[in-house]
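Novice: Chain by chain, the residues:
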Amino acid sequence: DAGITQSPRYKITETGRQVTLMCHQTWSHSYMFWYRQDLGHGLRLIYYSAAADITDKGEVPDGYVVSRSKTENFPLTLESATRSQTSVYFCASSVTGDGETQYFGPGTRLLVL
Amino acid sequence: QQQVKQSPQSLIVQKGGISIINCAYENTAFDYFPWYQQFPGKGPALLIAIRPDVSEKKEGRFTISFNKSAKQFSLHIMDSQPGDSATYFCAASGTGSARQLTFGSGTQLTVLP
Numbered sequence: 001d002a003g004i005t006q007s008p009r010y011k012i013t014e015t016g017r018q019v020t021l022m023c024h025q026t027w028s029h030s031y032m033f034w035y036r037q038d039l040g041h042g043l044r045l046i047y048y049s050a051a052a053d054i055t056d057k058g059e060v061p062d063g064y065v066v067s068r069s070k071t072e073n074f075p076l077t078l079e080s081a082t083r084s085q086t087s088v089y090f091c092a093s094s095v096t097g098d099g100e101t102q103y104f105g106p107g108t109r110l111l112v113l
Numbered sequence: 001q002q003q004v005k006q007s008p009q010s011l012i013v014q015k016g017g018i019s020i021i022n023c024a025y026e027n028t029a030f031d032y033f034p035w036y037q038q039f040p041g042k043g044p045a046l047l048i049a050i051r052p053d054v055s056e057k058k059e060g061r062f063t064i065s066f067n068k069s070a071k072q073f074s075l076h077i078m079d080s081q082p083g084d085s086a087t088y089f090c091a092a093s094g095t096g097s098a099r100q101l102t103f104g105s106g107t108q109l110t111v112l113p
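If you read the protein sequences in the order shown, they are chains A and B. The first sequence finishes on residue 113 if you use the working numbering, and the numbering steps up by one all the way, no holes. The second sequence finishes on residue 113 if you use the working numbering, and the numbering steps up by one all the way, no holes.
It is worth saying that the hints were derived from the structure and are not from the lab. Where a beta carbon is used, it is the ideal one built from N, C-alpha and C, also for glycine. Just to be clear, a hint being listed does not mean it is correct.
[What the hints assert, rightly or not] In silico negatives: residues of chain B with every beta carbon more than 12 Å from chain A:
(1) V4
(2) G60
(3) K71
(4) R99
(5) P113
[Said to hold, decoys possible] EDC-like cross-link-like pairs, simulated, lysine to aspartate or glutamate; straight-line CA separation at most 20 Å:
(6) K57(B) - E100(A)
(7) K5(B) - D38(A)
(8) K58(B) - E100(A)
(9) K57(A) - E79(A)
Taking the hints into account, I'd like the entire structure generated from these sequences.
Specialist: The following block contains the structure:
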């Protein structure tokens with residue numbers, strides 16, 4: 001039972017480069033989420049998806065793009081990375097989208113130089 | 001706008017002591033209040049949750065106390081153990097525009113042996 005996986009686990013990139021963070025879940029959960037975790041801010045929602053081909057913005061969507069062509073995958077792309085996007089990124093999934101029991105991946109630590 | 005305020009930012013407790021973490025919310029549309037536990041290098045995991053129809057919920061050594069009129073809720077960890085050392089996040093969700101989880105800023109708990 002793989003659950004929810006993220007890749008890469010660590011990434012160093014330079015300002016202006018495009019970066020894609022991958023998220024894969026094996027539960028066939030309808031909902032998937034991307035959060036960023038920064039000290040003092042907790043977890044902030046970037047984007048979420050209710051199903052394949054259905055995505056919506058969260059609290060901090062600027063500078064990020066998502067897609068969901070398959071239920072199990074939910075990649076997050078930083079189109080032109082900035083230093084302010086240095087963070088730990090968590091993907092999560094849930095059966096329903098009403099906030100109940102989200103299952104988190106192990107995270108991707110991203111450093112933008 | 002931080003809709004869920006969490007305190008303290010860090011907490012040090014002796015083994016066997018009681019750990020108390022507090023959260024306050026502003027949005028009266030919130031009707032689900034979970035706590036997530038996060039160990040270093042891992043994603044957050046649901047610990048315990050409460051709905052406002054009850055004032056307290058207990059699961060083992062973990063208890064949520066809820067005060068609807070004050071718009072506050074807290075996590076109590078009885079007989080704290082070194083294995084409880086982690087970061088704890090409160091969160092809230094509700095209906096309509098509040099449907100997605102809003103997290104507090106987190107509390108880093110250290111339980112000394």
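Novice: Hints first: check each against the structure and report whether it holds.
Specialist: Results of checking the hints against the structure:
1. V4: For V4(B), whose nearest Cβ neighbour in chain A is about 8 Å away, the distance does not exceed 12 Å, so it is violated.
2. G60: Nearest chain A Cβ is 18 Å from G60(B), so the label holds.
3. K71: Nearest chain A Cβ is 17 Å from K71(B), so the label holds.
4. R99: violated, 6 Å
5. P113: Since the minimum Cβ distance to chain A is about 26 Å, P113(B) lies beyond 12 Å and the statement holds.
6. K57(B) - E100(A): Roughly 16 Å separates the two Cα atoms, so the pair holds.
7. K5(B) - D38(A): holds, 15 Å
8. K58(B) - E100(A): holds, 18 Å
9. K57(A) - E79(A): holds, 16 Å
When each numbered hint is compared with the structure, violations occur for hints 1, 4.
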